[in-house]
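Student: Those sequence lines, one after another, are chains A and F. My numbering puts the first residue of the first sequence at 1, with every later residue one more than the last. My numbering puts the first residue of the second sequence at 1, with every later residue one more than the last.
Honestly, the hints are just simulated from the structure, not real lab data. Being a predicted model, the structure only gives us computed values, none of them experimental. Among these hints, one or two may not hold up.
Here are some, though not all, of the chain F residues that point toward chain A, as calculated from beta-carbon distances under 10 Å [claimed, not checked]:
1. D129
2. L134
3. S138
A few chain F residues that don't get close to chain A, going by computed Cβ distances all over 10 Å [as the list claims (entries may be wrong)]:
4. E24
5. A62
6. L63
7. N84
8. A91
9. Q130
10. A133
11. T136
12. L178
13. G227
14. Q256
If the Cβ cut is set under 8 Å, some of the chain A residues that face chain F in the computed set are [to be verified]:
15. F15
16. M86
17. N90
18. A92
19. F105
20. A109
No residue lacks a Cβ here, since even glycine has one placed at the ideal position from N, Cα and C.
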Amino acid sequence: MSAIKIKIRGLKKAFGDKRVLDGVDLDVATGTAMVVIGGSGTGKSVLIKAILGLITPDAGSIEIDGEDVLRAPKARASELRGQIGMLFQNGALFDSLAVWENVAFGLLAEKKIKRSQARDKAIEVLAQVGLGADVALLSPSELSGGMQKRVALARAIASAPAIMFFDEPTTGLDPIMGAVIDGLIVDCVKRLGSTSIAITHDMASAMRIGDSAAMLYQGKICWTGPAPDLLTTDNPVVNQFTHGRREGPIQMAIRK
Amino acid sequence: MTAVLNFIAAIGAAALNALGFLGELGIFAASGVSHIFRPPFYPRMLGRSLMEIGFFSLPVVALTALFTGMVLALQSYTGFSRFNAESQIAAVVVLSVTRELGPVLAGLMVSGRAGAAMAAELGTMRVTDQVDALSTLSTEPMKYLVAPRLLAGIIALPLLVVVADILGVMGGFLVATLKLGFNPTTYLINSFSELQANDVISGLIKSAVFGFIIALMGCFNGYRSKGGAQGVGAATTAAVVSASILILAFDYVLTQLLFRVL
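Required output: the full structure, derived from the provided sequences and hints.
Tutor: See below:
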């Protein structure tokens with residue numbers, strides 16, 4: 001069995017009276033792709049923002065390579081989190097910078113590369129996500145939604161991160177472009193040998209991207225297993241969610 | 001009895017909110033200032049902010065100063081002619097502009113233009129996850145977004161005020177000589193004989209503080225905005241209103257302090 005890259009135990013986070021994460025336990029094995037599914041507002045984004053350090057959890061532990069990033073010294077925690085590349089739901093490209101500057105931003109920030117070489121490197125990474133050199137000088141606002149997603153993916157993989165997070169990678173895209181983005185994600189993760197967590201409520205995307213899957217429900221992980229089992233499991237919550245049925249425990253919870 | 005308790009509770013809650021806000025603002029300002037002095041530095045962002053706050057605000061500040069100087073000369077003439085004190089118009093214009101109107105009007109104009117733009121840009125970056133994206137790309141957002149703007153505000157506003165001072169005095173000179181029939185040479189001699197270095201320096205000190213206030217309120221309100229377009233709009237309004245009020249309040253405080261020192 002592979003070593004555990006990311007280990008989460010008892011993670012809790014509340015916003016006011018609303019308890020979003022209520023004791024999340026999750027293991028992600030090194031070199032595997034985990035998909036976390038769950039309904040809107042169930043805390044999927046909060047979970048990965050907590051791992052990234054963008055949100056401070058109320059309780060619990062998050063270990064990366066066996067070290068708890070929540071209790072590690074600030075510099076060490078930044079170092080551990082520095083190995084994470086992130087694809088945001090809406091791309092989150094910097095409007096004021098050209099496409100190539102977006103892609104090379106992390107490399108320039110980490111001083112891994114001189115500015116004179118950065119454009120060439122950015123064009124190289126853009127080619128890996130199927131974009132030509134002609135887009136490098138454009139502004140993000142001049143690109144279509146699908147192209148923006150590809151640029152955001154290029155930015156996430158430019159530093160060859162050991163861990164990658166994908167937040168709703170296919171949201172807002174047509175089914176074909178969604179499949180293209182999923183294909184690119186799988187290619188990039190496999191090529192870099194990264195460990196990844198993708199959060200989605202798009203079942204087709206989950207099946208394409210994930211090796212394993214987990215479902216977040218009522219602040220806890222209610223099911224984990226191989227991604228293909230998502231559609232066949234008899235867990236009533238997962239079953240209702242993956243098949244999109246109106247009646248079931250999730251509906252019952254809403255009624256309550 | 002309950003109504004009284006509710007009233008006291010409401011006052012207490014408002015006081016706590018105000019203190020919380022001031023504490024948050026203080027921590028934000030201290031963090032932003034500390035990042036100005038700690039590497040890495042972002043000279044490109046500083047240059048861009050200097051252009052935004054300084055260069056692109058030049059037309060609006062220049063026009064404001066020019067017309068203010070012109071109006072000041074006219075109004076002073078109206079009043080002073082009643083006491084046969086027209087010769088003092090040059091002194092009134094130059095002292096008013098350099099000590100008071102140049103810094104305050106430039107501050108208010110830049111607040112409306114650059115302060116609003118800062119809040120809108122940072123607010124949009126916040127609600128579209130661009131600020132979070134910076135953190136994931138090994139970049140401290142306070143250092144990259146806030147520190148260069150604070151420094152640019154401190155540098156750019158005094159430079160703008162130098163321009164405003166010159167154009168304000170020039171406005172007064174144009175009206176006095178072309179419309180009111182003053183002798184140009186006499187007017188200039190009267191202007192500069194009354195002007196002391198401290199008058200200009202006090203205006204420049206004020207303007208540096210105003211520049212910091214504008215950048216701080218623009219960044220603070222933008223950085224903590226939430227709730228999409230409505231939140232960004234609210235942050236922009238709050239940035240301009242709070243900066244304008246603080247400029248006027250600090251103008252009094254600084255004038256009081258500088259009266260003793262300079």
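Student: With chain F as the partner, please determine if M86 of chain A meets the hint condition of a C-beta pair closer than 8 Å.
Tutor: holds, 4 Å
Student: Does S138 of chain F pass the interface check with chain A, least Cβ-Cβ distance below 10 Å?
Tutor: Hint on S138 of chain F: holds, closest Cβ of chain A at ~5 Å, below 10 Å.
Student: The output says E24 of chain F does not contact chain A. Does that hold with a beta carbon cutoff of 10 Å?
Tutor: Given a closest Cβ separation of 16 Å, the condition holds.
Student: Closest CB-CB distance from G227 of chain F to chain A, is it above 10 Å?
Tutor: Given a closest Cβ separation of 14 Å, the condition holds.
Student: Can you verify the interface hint for A109 of chain A: is its Cβ closer than 8 Å to any Cβ in chain F?
Tutor: This interface hint holds because 5 Å falls under the 8 Å limit.
Student: Under 8 Å, Cβ to Cβ, is where F105 of chain A needs to be relative to chain F, so tell me if that hint holds or is violated.
Tutor: holds, 5 Å
Student: Closer than 8 Å between Cβ atoms is the bar; does F15 of chain A clear it against chain F? Give me holds or violated.
Tutor: violated, 12 Å
Student: Close enough to count: is the Cβ of L134 of chain F nearer than 10 Å to one in chain A?
Tutor: Result: holds, 8 Å to nearest chain A Cβ.
Student: Compute the least Cβ-Cβ separation between Q130 of chain F and chain A, then decide whether it is above 10 Å.
Tutor: violated, 5 Å
Student: Is L178 of chain F truly not at the interface, in the sense that its beta carbon sits beyond 10 Å from all beta carbons of chain A?
Tutor: Holds, since 45 Å exceeds 10 Å.
Student: Using Cβ atoms only, decide whether N90 of chain A comes closer than 8 Å to chain F, and label the hint accordingly.
Tutor: holds, 6 Å
Student: Should the interface hint for A92 of chain A be scored as holding, given a Cβ-Cβ cut-off of 8 Å against chain F?
Tutor: holds, 4 Å
In the structure shown, a violation is registered for the earlier hints numbered 9, 10, 11, 15, in ascending order.
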